[in-house]
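Number of protein chains: 2
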Amino acid sequence: MIVVNKFTIDWVEIITVGNEVVSGRTVNSNATNIARRMQSLGFTINRVTSVRDEEDEIVDVITSALRRKNKVIIITGGLGPTYDDITSQSLAKALNRKLEQNVKALEQIKEKYRKRNLELTPERIKMAFIPEGAQPVDNNKGIAPGIYVNVEGVEILATPGVPSEMEDVLENFIRSFLKYRPAFKYYEANLEVQGVMESAIAPHIAELVKKYFPIYIKTHPQGKELEKPVLRIQIALSSDNEMEAKKKIEDSKRELLNVIHALHGTVTDQGTS
Amino acid sequence: MIVVNKFTIDWVEIITVGNEVVSGRTVNSNATNIARRMQSLGFTINRVTSVRDEEDEIVDVITSALRRKNKVIIITGGLGPTYDDITSQSLAKALNRKLEQNVKALEQIKEKYRKRNLELTPERIKMAFIPEGAQPVDNNKGIAPGIYVNVEGVEILATPGVPSEMEDVLENFIRSFLKYRPAFKYYEANLEVQGVMESAIAPHIAELVKKYFPIYIKTHPQGKELEKPVLRIQIALSSDNEMEAKKKIEDSKRELLNVIHALHGTVTDQGTS
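Here the protein sequences line up with chains A and B, keeping their order. Start counting the first sequence at 445; every next residue gets the next number (the numbering used here). Start counting the second sequence at 445; every next residue gets the next number (the numbering used here).
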């Protein structure tokens with residue numbers, strides 16, 4: 445539960461496109477990496493949706509994401525040359541814009557194939573088609589450029605799904621396109637606790653969460669509740685006031701340590717970030 | 445793109461609940477494992493959505509999933525004893541049912557704590573509350589039972605988020621609750637191709653997909669498109685006719701091998717399942 449006042453949170457929503465993720469063929473590490481990177485900038489991730497390579501599905505999830513209060517929407521996958529790479533056309537449809545050949549994107553693609561003496565086939569030219577008013581984002585690890593489009597202040601990025609290309613395009617987007625920068629930063633402390641059951645510490649955490657509002661304390665059970673309980677406990681806060689945030693985290697952590705000791709648990713402090 | 449007639453597909457939708465997945469703290473391996481297991485039974489995964497531990501979000505995504513044509517909806521995470529474990533109450537709200545203490549669930553929970561001489565606190569009793577008309581599903585790896593509810597033929601399962609508990613509850617659901625069994629089974633062949641660019645093979649695959657309708661052929665780029673292209677190619681089909689499905693996969697694979705050789709690629713056959 446994020447108890448921070450909703451109006452102070454800068455939400456990012458992630459959409460991954462591709463049957464390989466939905467079907468369980470591929471673990472969704474792209475979503476994990478995008479989430480971590482955006483969180484490091486002070487954003488909070490709202491939701492992650494994985495959809496199949498179907499136009500209706502992609503349009504539906506982009507349209508829904510635009511209705512939620514997101515500052516940024518990041519779509520990954522479906523920008524390549526094959527018949528089922530349809531993210532660009534689906535994005536255009538969701539935004540009710542034309543899909544058009546982008547001169548800069550075409551030049552980049554041409555140049556990449558020219559260096560290898562390869563001709564421009566329709567499948568290769570297809571990667572230069574992006575929604576009207578959108579801009580291509582450099583992809584130094586592959587062919588298909590990313591797509592950036594600003595829709596009434598909501599910044600949308602589409603990246604290829606190959607992880608190295610996704611990361612390259614994401615960094616180029618953050619460096620050269622992303623206009624919004626959160627005032628809030630994210631702070632976190634982590635504890636590992638042995639010998640305390642999640643159900644035993646639960647009421648104490650509920651109290652601390654009230655007392656240190658808007659702090660976020662979450663137990664992540666790692667072992668077995670009854671036989672050998674191991675809990676990772678995350679104490680987190682997003683704030684524009686570093687000193688106050690760190691004090692709240694430290695104070696609640698101190699109280700939590702007292703509780704853990706009273707419950708005969710042992711603790712390893714896993715540090716603060 | 446799944447080109448099989450939509451009316452013959454048995455869809456499953458997966459919802460994972462928990463800030464730890466949305467924020468990128470944890471990779472969503474539960475979704476991957478649920479998808480693989482359900483696909484092995486002949487189901488096709490429709491969509492995977494990860495939401496935060498927020499009642500509005502959980503209710504919204506369950507309600508949306510019920511509007512899509514799913515045979516089964518599997519929710520994982522948020523069944524534990526802490527203040528932010530709210531999947532059961534959110535499920536009740538989405539179904540417009542009361543949340544009620546389940547006698548069988550309470551007995552199971554009591555027994556697990558009794559064996560260790562532990563008292564029943566409100567946080568522990570909370571895990572026995574499930575929506576009206578739902579049934580608890582055995583959890584042999586932890587405390588919180590799973591939740592099964594059949595809503596006008598749509599089968600809904602909620603499991604705890606700890607992976608070992610998720611797997612145990614999922615198997616108990618498949619063994620003792622799941623009523624619907626797909627007539628279709630899933631067949632797949634895989635090739636690894638070196639030295640052929642995705643953009644070069646793309647038009648040939650588009651042709652094969654038409655010719656061998658409703659086959660599904662997907663290229664998964666692993667290397668670098670220009671310098672050292674490596675593609676995994678997946679040829680797949682869901683069918684209630686094993687012989688016909690295998691013949692279509694074999695025939696399209698043979699044609700694909702001819703194309704790859706003509707494009708000077710080398711192939712490793714990664715087998716059929």
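Quick caveat, the hints were computed from the structure, so don't treat them as lab data. All C-beta atoms, glycine included, are put in the ideal place defined by N, C-alpha and C. A few of these clues could be false.
No more than 35 Å apart at the CA atoms, straight line, and that leaves these computed lysine-lysine pairs for DSBU-like [stated by the list, open to error]:
{"hint": "1", "chain 1": "A", "residue 1": "Lys537", "chain 2": "B", "residue 2": "Lys542"}
{"hint": "2", "chain 1": "A", "residue 1": "Lys537", "chain 2": "B", "residue 2": "Lys692"}
{"hint": "3", "chain 1": "B", "residue 1": "Lys548", "chain 2": "A", "residue 2": "Lys537"}
{"hint": "4", "chain 1": "B", "residue 1": "Lys585", "chain 2": "A", "residue 2": "Lys548"}
{"hint": "5", "chain 1": "A", "residue 1": "Lys629", "chain 2": "A", "residue 2": "Lys692"}
{"hint": "6", "chain 1": "A", "residue 1": "Lys537", "chain 2": "A", "residue 2": "Lys548"}
{"hint": "7", "chain 1": "B", "residue 1": "Lys629", "chain 2": "A", "residue 2": "Lys654"}
{"hint": "8", "chain 1": "B", "residue 1": "Lys556", "chain 2": "A", "residue 2": "Lys668"}
{"hint": "9", "chain 1": "A", "residue 1": "Lys654", "chain 2": "B", "residue 2": "Lys655"}
{"hint": "10", "chain 1": "B", "residue 1": "Lys513", "chain 2": "B", "residue 2": "Lys668"}
{"hint": "11", "chain 1": "A", "residue 1": "Lys654", "chain 2": "B", "residue 2": "Lys585"}
{"hint": "12", "chain 1": "B", "residue 1": "Lys655", "chain 2": "A", "residue 2": "Lys513"}
{"hint": "13", "chain 1": "A", "residue 1": "Lys513", "chain 2": "B", "residue 2": "Lys585"}
{"hint": "14", "chain 1": "B", "residue 1": "Lys548", "chain 2": "A", "residue 2": "Lys668"}
{"hint": "15", "chain 1": "B", "residue 1": "Lys548", "chain 2": "A", "residue 2": "Lys623"}
{"hint": "16", "chain 1": "A", "residue 1": "Lys654", "chain 2": "B", "residue 2": "Lys548"}
{"hint": "17", "chain 1": "A", "residue 1": "Lys513", "chain 2": "B", "residue 2": "Lys556"}
{"hint": "18", "chain 1": "A", "residue 1": "Lys655", "chain 2": "B", "residue 2": "Lys585"}
{"hint": "19", "chain 1": "B", "residue 1": "Lys585", "chain 2": "A", "residue 2": "Lys668"}
{"hint": "20", "chain 1": "B", "residue 1": "Lys537", "chain 2": "A", "residue 2": "Lys668"}
{"hint": "21", "chain 1": "A", "residue 1": "Lys513", "chain 2": "A", "residue 2": "Lys654"}
{"hint": "22", "chain 1": "B", "residue 1": "Lys629", "chain 2": "A", "residue 2": "Lys655"}
{"hint": "23", "chain 1": "A", "residue 1": "Lys537", "chain 2": "B", "residue 2": "Lys655"}
{"hint": "24", "chain 1": "B", "residue 1": "Lys623", "chain 2": "B", "residue 2": "Lys513"}
{"hint": "25", "chain 1": "B", "residue 1": "Lys692", "chain 2": "A", "residue 2": "Lys668"}
{"hint": "26", "chain 1": "B", "residue 1": "Lys692", "chain 2": "B", "residue 2": "Lys629"}
{"hint": "27", "chain 1": "A", "residue 1": "Lys556", "chain 2": "B", "residue 2": "Lys654"}
{"hint": "28", "chain 1": "B", "residue 1": "Lys654", "chain 2": "A", "residue 2": "Lys554"}
{"hint": "29", "chain 1": "B", "residue 1": "Lys654", "chain 2": "A", "residue 2": "Lys537"}
{"hint": "30", "chain 1": "A", "residue 1": "Lys542", "chain 2": "B", "residue 2": "Lys559"}
{"hint": "31", "chain 1": "B", "residue 1": "Lys537", "chain 2": "A", "residue 2": "Lys692"}
{"hint": "32", "chain 1": "A", "residue 1": "Lys542", "chain 2": "B", "residue 2": "Lys668"}
Partial pick of chain A residues on the chain B-facing surface, computed with a CB cut under 8 Å [unchecked claim]:
{"hint": "33", "residue": "Ser494"}
{"hint": "34", "residue": "Pro525"}
{"hint": "35", "residue": "Leu652"}
{"hint": "36", "residue": "Val653"}
{"hint": "37", "residue": "Lys662"}
Footprint (simulated), chain B over chain A, 3 or more residues, beta carbon under 8 Å [said to hold, decoys possible]:
{"hint": "38", "stretch": "456 to 468"}
{"hint": "39", "stretch": "526 to 538"}
{"hint": "40", "stretch": "615 to 629"}
Against the structure, the hints come out as follows:
As the CA atoms of A:Lys537 and B:Lys542 are separated by approximately 41 Å, the hinted pair breaks the 35 Å bound. Distance restraint check for A:Lys537 and B:Lys692: the Cα-Cα separation of roughly 34 Å lies within the 35 Å cut-off, and the hinted pair is therefore satisfied. For the suggested pair B:Lys548 and A:Lys537, the alpha carbons sit about 50 Å apart, so the restraint of at most 35 Å is broken. Only pairs whose Cα atoms come within 35 Å are accepted, and B:Lys585 paired with A:Lys548 is rejected, the gap being roughly 56 Å.
For the given pair, A:Lys629 sits about 14 Å from A:Lys692 by alpha-carbon distance, which is consistent with the 35 Å threshold. Of the pairs offered as hints, the one joining A:Lys537 and A:Lys548 holds, with about 22 Å between alpha carbons and a cut-off of 35 Å not exceeded. Among the hinted pairs, B:Lys629 with A:Lys654 is inconsistent with the structure: their alpha-carbon atoms are about 51 Å apart, more than 35 Å. Only pairs whose Cα atoms come within 35 Å are accepted, and B:Lys556 paired with A:Lys668 is accepted, the gap being roughly 12 Å.
For the given pair, A:Lys654 sits about 63 Å from B:Lys655 by alpha-carbon distance, which is inconsistent with the 35 Å threshold. In summary, the hint linking B:Lys513 to B:Lys668 is not supported, as the alpha carbons are separated by about 38 Å, beyond the 35 Å threshold. Simply put, A:Lys654 and B:Lys585 have alpha-carbon atoms about 31 Å apart, close enough for the 35 Å limit, and the pair holds. Between B:Lys655 and A:Lys513 the alpha-carbon distance is near 44 Å, which puts this suggested pair outside the 35 Å criterion.
A hinted pair counts as satisfied when its Cα atoms are at most 35 Å apart, and A:Lys513 with B:Lys585 does not qualify at roughly 39 Å. For a cut-off of 35 Å, the pair hint linking B:Lys548 to A:Lys668 stands: about 22 Å separates their Cα positions. Our distance criterion of 35 Å between C-alpha atoms is broken by B:Lys548 and A:Lys623, whose separation comes to about 55 Å. For the given pair, A:Lys654 sits about 33 Å from B:Lys548 by alpha-carbon distance, which is consistent with the 35 Å threshold.
Proximity of A:Lys513 to B:Lys556 is assessed by CA-CA distance (about 43 Å); at most 35 Å being required, the pair is judged violated. For the suggested pair A:Lys655 and B:Lys585, the alpha carbons sit about 34 Å apart, so the restraint of at most 35 Å is met. At most 35 Å may separate the alpha-carbon atoms for a hinted pair to count; B:Lys585 and A:Lys668 meet this at roughly 8 Å. Pair hint B:Lys537 plus A:Lys668 holds up; C-alpha atoms about 30 Å apart against a cutoff of 35 Å.
Proposed proximity of A:Lys513 and A:Lys654 is supported: the alpha carbons are some 26 Å apart, at most 35 Å. Pair hint B:Lys629 plus A:Lys655 does not hold up; C-alpha atoms about 54 Å apart against a cutoff of 35 Å. Among the hinted pairs, A:Lys537 with B:Lys655 is consistent with the structure: their alpha-carbon atoms are about 28 Å apart, no more than 35 Å. Taking the CA atoms of B:Lys623 and B:Lys513, the gap is near 17 Å; set against the 35 Å cutoff, the hint holds.
Only pairs whose Cα atoms come within 35 Å are accepted, and B:Lys692 paired with A:Lys668 is rejected, the gap being roughly 47 Å. The straight-line distance between the Cα atoms of B:Lys692 and B:Lys629 is roughly 14 Å, inside the 35 Å bound, and the hint therefore holds. With a C-alpha separation of about 30 Å, the suggested pair A:Lys556 and B:Lys654 falls inside the 35 Å cut-off, and the hint holds. For the proposed pair B:Lys654 and A:Lys554, the alpha carbon gap of about 29 Å is at most 35 Å, so the pair holds.
For the suggested pair B:Lys654 and A:Lys537, the alpha carbons sit about 24 Å apart, so the restraint of at most 35 Å is met. Proximity of A:Lys542 to B:Lys559 is assessed by CA-CA distance (about 66 Å); at most 35 Å being required, the pair is judged violated. For the given pair, B:Lys537 sits about 34 Å from A:Lys692 by alpha-carbon distance, which is consistent with the 35 Å threshold. Only pairs whose Cα atoms come within 35 Å are accepted, and A:Lys542 paired with B:Lys668 is accepted, the gap being roughly 31 Å.
Proximity of A:Ser494 to chain B holds as hinted, the smallest CB-CB distance being about 4 Å (cut-off 8 Å). With a least beta-carbon distance of about 4 Å to chain B, the hint placing A:Pro525 at the interface is held under the 8 Å criterion. With 8 Å as the threshold, the beta carbon of A:Leu652 stays out of range of chain B, its nearest partner Cβ sitting at about 10 Å, so the hint is violated. Hint status for A:Val653: holds, given a least beta-carbon distance of 7 Å to chain B, under 8 Å.
Using the Cβ-Cβ criterion of 8 Å, the hint placing A:Lys662 at the interface with chain B is satisfied: the shortest such distance is roughly 6 Å. Counting residues of the stretch 456 to 468 of chain A whose CB lies closer than 8 Å to any CB of chain B gives 6, so the stated coverage by that chain holds, three being the minimum. Counting residues of the stretch 526 to 538 of chain A whose C-beta sits closer than 8 Å to any C-beta of chain B gives 4, which meets the bar of three, so the coverage hint holds. Here the stretch 615 to 629 of chain A counts 0 residues with a CB under 8 Å from a CB of chain B, which misses the bar of 3, and the coverage is violated.
In terms of the numbered hints stated before, the structure departs from hints 1, 3, 4, 7, 9, 10, 12, 13, 15, 17, 22, 25, 30, 35 and 40, listed from lowest to highest.
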